[in-house]
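In this text, residue positions in the sequence shown follow the working numbering: the first is 1, and each later residue adds one.
Source of the hints: derived by calculation from the structure; they are not laboratory data.
All C-beta atoms, glycine included, are put in the ideal place defined by N, C-alpha and C.
Just so you know, not all the hints are guaranteed correct.
What the hints assert, rightly or not - Ranges of calculated distance between the beta carbons of each label pair, as one might list FRET restraints: (1) Asp-139 - Asp-110: 21 to 29 Å; (2) Asn-67 - Asp-110: 14 to 22 Å; (3) Val-166 - Gly-138: 16 to 24 Å; (4) Pro-144 - Gln-176: 23 to 31 Å.
What the hints assert, rightly or not - Restricting the straight-line Cα-Cα distance to at most 27 Å, the calculated cross-link-like pairs of lysine-lysine (DSS-like) are: (5) Lys-136 - Lys-154; (6) Lys-225 - Lys-126; (7) Lys-136 - Lys-124.
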Amino acid sequence: MPIRLVQFVRPAARVYAPAPTPTRVLRRTYAEHHFPGNKAESLEHSQIFKISQAIQQDHDELEDYYNRIINSKDHDEQRRFQNAFVWELARHSIAEELVVYPTLEKVVSDGAQRADQDRAEHQKVKERLYEFQNMKPGDQNFIPTLEVLFKDLKQHIKHEEEDDLVKLEEALGLTQSKELCQKFEKTKYFTPTRSHPSAPNKPPFETVVGLMTAPIDKLRDLFAKFPDYKKVKPYGGQSP
1 MPIRLVQFVR PAARVYAPAP TPTRVLRRTY AEHHFPGNKA ESLEHSQIFK ISQAIQQDHD
61 ELEDYYNRII NSKDHDEQRR FQNAFVWELA RHSIAEELVV YPTLEKVVSD GAQRADQDRA
121 EHQKVKERLY EFQNMKPGDQ NFIPTLEVLF KDLKQHIKHE EEDDLVKLEE ALGLTQSKEL
181 CQKFEKTKYF TPTRSHPSAP NKPPFETVVG LMTAPIDKLR DLFAKFPDYK KVKPYGGQSP
């Protein structure tokens, strides 16, 4: 019986290309994760965000809401973005005071002075925000009040982003920065959603007052109008 020789051919080695590296940081989903009555706010981004990136994104969103109010002639649309602006700025400010500024005081050499200046700037903004949140589109001082408020806010944002956050990131390092970001985002779940300028601006008293006033604010949010994320392009129509 003849012997048949079988030739075994080694398959070519499979080459796996490395996963592409993201060219930009992922951003939070817009209003579908944001406003009361929709889905809970996503924390997915906090797994990769540094604290400075999370704060800067809040700043970007506030500027977007501001521009939508200023550029709109529709009172209903202005009211919705007014509520969004107040909601986001109130939560953002208190979360910074509870989480970010105490950390700034601990890890940066002149952090106490920086934090005190930030709190003073916040107080000025809170007082303006308190006036604005009680106005209605169509009121004579509605737009002028918002413009003055945002001018003060922009000065604070510039100082915070170009100076304080730079020093904070240098002192923290990447891992601690991401951990602080997660804490910052989680804290916003429990903060008031309207301005209360007479409330304390340092823990633990701010924490106690915040826990008392937040449920009242959140109940009011249930009856307020917010932007419809299905009809609104996120971030001013720009891709994140």
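When the structure is checked against the list of hints, which entries are broken? Sort them ascending. 1, 2, 3 and 4
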